[in-house]
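Take these sequences, add in the hints, and give me the full structure.
Same order as they appear, the protein sequences are chains S and R. This note's numbering numbers the first residue of the first sequence as 67 and each following residue consecutively. This note's numbering numbers the first residue of the second sequence as 67 and each following residue consecutively.
Because identical chains share one entry, a pair is satisfied inside a single copy or across any pair of copies.
BS3-like cross-link-like pairs, simulated, lysine-lysine; straight-line CA separation at most 27 Å:
hint, residue 1, residue 2
1, K870, K737
2, K737, K675
3, K870, K675
4, K870, K742
5, K442, K401
6, K840, K822
7, K840, K870
8, K742, K883
In case anyone wonders, no lab produced these hints; they're calculated from the structure.
2 protein chains.
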Amino acid sequence: MATKLVYLFGGRKADGGSGMKNLLGGKGANLAEMSKIGLPVPAGFTITTEVCTAYYANKKKYPAGLKKEVDAALKHVEKIMGAVFGDARNPLLISCRSGARASMPGMMDTVLNIGLNDTTVEGLIAKTKNARFAYDSYRRFVAMYGDVVMGVKAASELSEDPFDEIIGALKKKKGYKHDTEMTTEDLKGLVAKFKTLIKDALGVGFPEDPRDQLWGAIGAVFSSWMIPRAASYRQIHGFPDDWGTAVNVQAMVFGNMGDNSATGVAFSRNPSTGENYFYGEYLVNAQGEDVVAGIRTPSPINREKALPSGVNATLADEMPKVYNELDHIRKLLEKHYKDMQDIEFTIQEGKLWMLQCRNGKRTAQAAVKIAVDLVKEKIITEDEAIMRIEPEQLNQLLLPSFDPGAKRQIIATGLPASPGAAVGQAVFTATDAVAWAEEGKAVVLVRMETSPEDINGMFKAKGILTARGGMTSHAAVVARGMGKPCVAGASDITVDYEHRQFTAKSGETVREGDWISLDGSRGEIMLGQMATIDAKLTGEFSTIMKWAAARKQIGVRANADTPRDAQTARELGAEGIGLCRTEHMFFEGDRITAMREMILADNAEGRRKALDKLLPMQRDDFYGIFKVMNGLPVTIRTLDPPLHEFLPHTDEEIEALVTATGRNAAEIKAKSVELKEQNPMLGHRGCRLGLVYPEITAMQARAIFEAAAKAAQEKIKVLPEIMIPLVGHERELILQKEVVDRIAREVMAEKKVRIKYLLGTMIELPRAALIADKIAAAGAEFFSYGTNDLTQTTYGLSRDDSGKFLPAYLSEGIWEKDPFVSIDADGVGFLVETGLAKGRAVKPDLKIGICGEHGGDPATVKYCVRIGLNYVSCSPFRVPLARLAAAQQAIVDSLTAAQTKPTAAKPAAKKTPEKPPSKTSPAKPAVKKAAKK
Amino acid sequence: MATKLVYLFGGRKADGGSGMKNLLGGKGANLAEMSKIGLPVPAGFTITTEVCTAYYANKKKYPAGLKKEVDAALKHVEKIMGAVFGDARNPLLISCRSGARASMPGMMDTVLNIGLNDTTVEGLIAKTKNARFAYDSYRRFVAMYGDVVMGVKAASELSEDPFDEIIGALKKKKGYKHDTEMTTEDLKGLVAKFKTLIKDALGVGFPEDPRDQLWGAIGAVFSSWMIPRAASYRQIHGFPDDWGTAVNVQAMVFGNMGDNSATGVAFSRNPSTGENYFYGEYLVNAQGEDVVAGIRTPSPINREKALPSGVNATLADEMPKVYNELDHIRKLLEKHYKDMQDIEFTIQEGKLWMLQCRNGKRTAQAAVKIAVDLVKEKIITEDEAIMRIEPEQLNQLLLPSFDPGAKRQIIATGLPASPGAAVGQAVFTATDAVAWAEEGKAVVLVRMETSPEDINGMFKAKGILTARGGMTSHAAVVARGMGKPCVAGASDITVDYEHRQFTAKSGETVREGDWISLDGSRGEIMLGQMATIDAKLTGEFSTIMKWAAARKQIGVRANADTPRDAQTARELGAEGIGLCRTEHMFFEGDRITAMREMILADNAEGRRKALDKLLPMQRDDFYGIFKVMNGLPVTIRTLDPPLHEFLPHTDEEIEALVTATGRNAAEIKAKSVELKEQNPMLGHRGCRLGLVYPEITAMQARAIFEAAAKAAQEKIKVLPEIMIPLVGHERELILQKEVVDRIAREVMAEKKVRIKYLLGTMIELPRAALIADKIAAAGAEFFSYGTNDLTQTTYGLSRDDSGKFLPAYLSEGIWEKDPFVSIDADGVGFLVETGLAKGRAVKPDLKIGICGEHGGDPATVKYCVRIGLNYVSCSPFRVPLARLAAAQQAIVDSLTAAQTKPTAAKPAAKKTPEKPPSKTSPAKPAVKKAAKK
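Spelled out as structure tokens, the structure:
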């Protein structure tokens, strides 16, 4: 423990600074920093976080010497502020606030206006010539102190907020509507009544001695570190209890001392657009809370943009000197912090005081523009610009969103499964979605859950809403793949297919044809047609992506099943297709009928006949994709889902199949029963299908090679990579490889072309990872981690069913994050690294990628870079995000390398960005880190 | 390659011996051995397996020198047998047979009577004075040679067996019914016709030169090593192709040369009962094939047991000298091979010839009796006796079986899911099973598949038949647990609940009330009421088990859910309960109603109310089990299955629940829909229930501790071990442990007793194994591997659904064994060993067991001993088997230790058998083998 317990700030200097967040908390460190660089910060001091830790370690006793240091610090504050704490004529008022290392907004306690009592209030009146202001401050202080420090609310059995009740009674008696109608005398009367209330409730009186008040407040702030809401906030965010909070004691300044006083918040640039002008709002004669409460509408601080109607003056107009000072501070802060700043200020009787500054939150668009502009202004480097952008934010840029000004009539919430804004009329079947959409209607498809046969309806819908399923449920995965907004697992709604409606827990019923709006980014379901704003890709976005591309050391591919998806992926920077799910091709039009014919066939002969019908369709699909991806690799997975997923469920569908195939309905139903599985996830799927029905694999291989041959003849550069799913034993790969290689030889002989191709496997079962050496030795030319299924099996956790207990698991702190969203390094990661080490032990240059949903999660992308994968593959719309995350990790790695090799001048510059796999050979980044055993 | 290609035998000496099976094959090695110990073996020679390997390696050419060695060997045979191969007056006839290292019955080719042609047949007639015999041998030889060596059948397009057609035509023309009616002339005519057929079919004639015949036969035998049926037999049994087969060329002897000739088979002890007397049958004037064909009924060789009616003489009566010689040989062979022998012999004109001897196959009862008797007779040691018994055989001893003499009218087959014989009337619902059984009827429960709510019906039924599910389906697991016969996954039958009947593919329909018989050991379903034989536990069984107990180094516990199961387990030698599944207790009587009330409750309050009803029932169950297991540990698993398994499905059940709870049917159905899961195996189950509903865990803990307190007060020694299922993250264990420990403290305080208990976890998810160190550190006091679920998740394989592709996987050689039956060492085993190493790294004396179905598989038990587990737990009826397997591994280990430390006199005797965990402390066998990384 540092021997110094209290750090001063104010008077344009400070003991601390922004580098001391661990000791002083974020707030204290920034206040010190602002002081140190000469900004007008109300003087104060910070009691360190270590005092908090010691306080708890030592039965809630303060370390020796604290009192003395606080006393000395208070003297210092009095001196700078020219007022004396507790003085009858010139009283100093102070605030006492928490401040942990990381922001924990609203979780801990704050006490304002400390120092007021029946004596000092008179001094305040004399000093400010504003009795109403003084008594208003006093009554607020007594109530706040009585509540926060003394615990009146908690002790009161009769009322939620007994202070508020007293005010309510007064207003009723006097016929007031607003607090502002209360007179000075009213406020003075409240002070007396509040003190009586405290005495009656607790048996002890309100402390009149300002020093008692101060120590009471300090104790309350330290104690609030351990209150349940703060403790559970820490648990959720993974902040350890032993961080402790600092306590910031600071001189009060008032923006409500008349028309030469004001308060405001500002951003050094526009946080919505990123435009480089001073953006902010202020209110004359007001306190910070008035801005927040929204009772009065604040005005812009300057005329950079047209003023809103009804506004005639700006801060620049009304207080030009103060405005200029503020504008100067704005520039100084940006240069100092090298980032856009969020500023809180108060003007007390014409004097500007800075209360807070921090890096400002911003929209994705602003983040990108600001980062690029700061580079142009030579304030930050390209590396820094890349590090500034939260990859997850990029998603916002690519998708439409709701007009931020629009009112949201939220009737239920679910998981934000696929971002973006969707507005449409509710329909309850995929068939209806298609039919209505073909009539030109915008529809939102509402289902209990979706299944592969809903694919057409999902494609035609503007958005998808499901009552069941998690972030990686079918609906979520497919929707993200399509870049279509989706709210999944909305357990607050009950879907009633029979009456074609759903009911929200809030009581609203949405019937077929009713308009609803989905916010897939927030997981909100709203009534009516909300206005949306289209995404715009700016030049700054391209610039950032170009910088990222120059740095990243890993390939980024996309999961795409159609030429259209492939086109989107390529436009967004994908360097290949990492997962083309062939089964998604089987649901359209005639295909599903041929597929069902195949499933119903009694023998290999019958299956082959049906497969022959599918062959040309699959071939055309592959040809289309090869054409789009010309020169880039395309990884095609052979059939994966269990066959029952393709069978019809409704009587209408069965009837249609009877007509199309001549089979009878009883046969079809019997086949459905026969194929039904207890746990389809662990059932007859993946390569298990291809092994029992090799003719399916043969057909798919033929479609791939015939398409490749056709493309090759047209000088399209095709790089097919055929991927066998769900391998758990090396012999599965050997047997499927035999089929694929045989067909490849046949087609190449027939078409007289040579097609280079790779054959590899998904690693998506724990066993596959554990025997990866055998799989590599058996002939796998690449591995692709299917981390969705690998997570399901490693955890024994169905992604479709985990929604029921996921919230409890997150709130109990069992899982920090949904393991389907961000990779679990301890369990799934261990297997990924084991598989990698074992595979590369046999084939040192084995190409290894990841194609689960995790491939689009920034933390996972960074993890993949660190362990040395060759590529990640994700939904097309997450490609830019993945590329950015990859670049960020490369920058971190180069910094680490620079630190570990201080003699090497510029190790980062020596790195060669990965060659796109399309050029000559698959990328082979060195293994960054030895895989764990 | 050895330089010697041909090994002689005969004339009471031999080049080879029984230790040379790899070189000479099993048959050749045994023939040599018998010769060497002075038995009358027809002389011959063995061409080594290395010749076969060289033959295939060298484009089907024989190694240089083979011809010379064969010629020399033939000379030797001629000399011993006093006849000359191909001689017109004194012809030697020979046979040519395959013989690989391991028996491959009927897979390869054999040629008999080589050496006959139009000249030598006359010599044979002159020598035997039996023209009919000579021509019968000749025509058989020509047909066999034409088929096996020359390939006439394969070349013939017109007929399945053209030789047989010729015989058929002859018999038709002459009006014969049997072959025996054919005259010498007829047979002679056949020879000519056969030769014409060969010439016509192939264009080349039958080879008259005996040497050409011999080389043709040798080539045919070597070639038959690679024919498809032999290749696939090897693949299934895991025999490598490069073993090769030997070829045994041997002088023919004939038991059909008149009334002073005979042929027979015998066992040195009774192979059914194990009784120590010479047991065998013979036929006068017959060949071996006559005994097999069953046209004539053979007679016993002696009068040890009463003769069957119609039999008046035995070999001992008819040929006392030969019999005495044979009896002498019997004793000599037993002493030599130290085991019961299966003998084939032929008497040719009064002279005894030994054709084969090998260790005889025997029933379980005989195996046990013979092993114990051989120890008493000081022929083998106790260790050897233990090693002699196939653990799997013990199962037969504990269960009733069908009368081996009864006729089996098999209508369908399924998996032999739980052994034993069951006879009963078919019923199609668990409710009917209960109702009918209560009327005193014997029933067999027939279901598509069973679910936990069928438990009562299963218990009341004599046997269980399901159309779906594998060896570890619910039906199979529960049936084995109950020791009840079960045939599962009988995909040949179609169950029709509506009409209460099932139809077999063979066409038979079995209606409710029809009698059927199930053979759970063979997986056969038979019509009618078959006679059964009850199991008898002999004194020899106890002796073997006592010997095993003294040697085994691992604890053997049982999986038991009721006091009755616990009693059985204890009687069969269980040293504790390794898995008590509490959920099985929830299906009886009122309990299920209370359970359903709990599930339907809207909040924790409602759940607690319902749980309060369950508490006394669970407490009584636990008390009963503790009482039975007095002094032995009882591992109780908290609730595991998903809640939807407990909800009613049929309208009647829902109606009953409406009546019992006052809930309405719609609510109940809605709850069913709400709880429905896509993959229940990976859903809301295991500790995930206890975490979301801690009150369930609390109730179960209270029931356990209240029961333990009651028992302890009655001086019963209770050792509860509470086991949390499906842990995948250490925090799950921490949170559940908090609940259990709190309740334990409460109950101990209330009842004023101290109860020692352990709290541990199942390791049944890959992630649990991978973070076993964290789980151990989080407070787990024991691990129990749930290898059923661990196999499901490691392989991504549902045991309920794998039945559809399991057969293909086994026949394709992807899996050697069903991974749910015998543990998969590469994948699941890797995780088991990782978890063990990580757990023991944190807690060196961590108690670790296994409680999956694998705990009753001998290979897995041995594996568990090798890696150093503390105990295995299995179905009560598999306890003896597990104990025996454990002893066998201990013996192997002590032999290995003896070999690696040749100076230590008797290392095996130094080992201390494991103390049963009941006595003082949990068993801690030393880790036998360092766990793999």
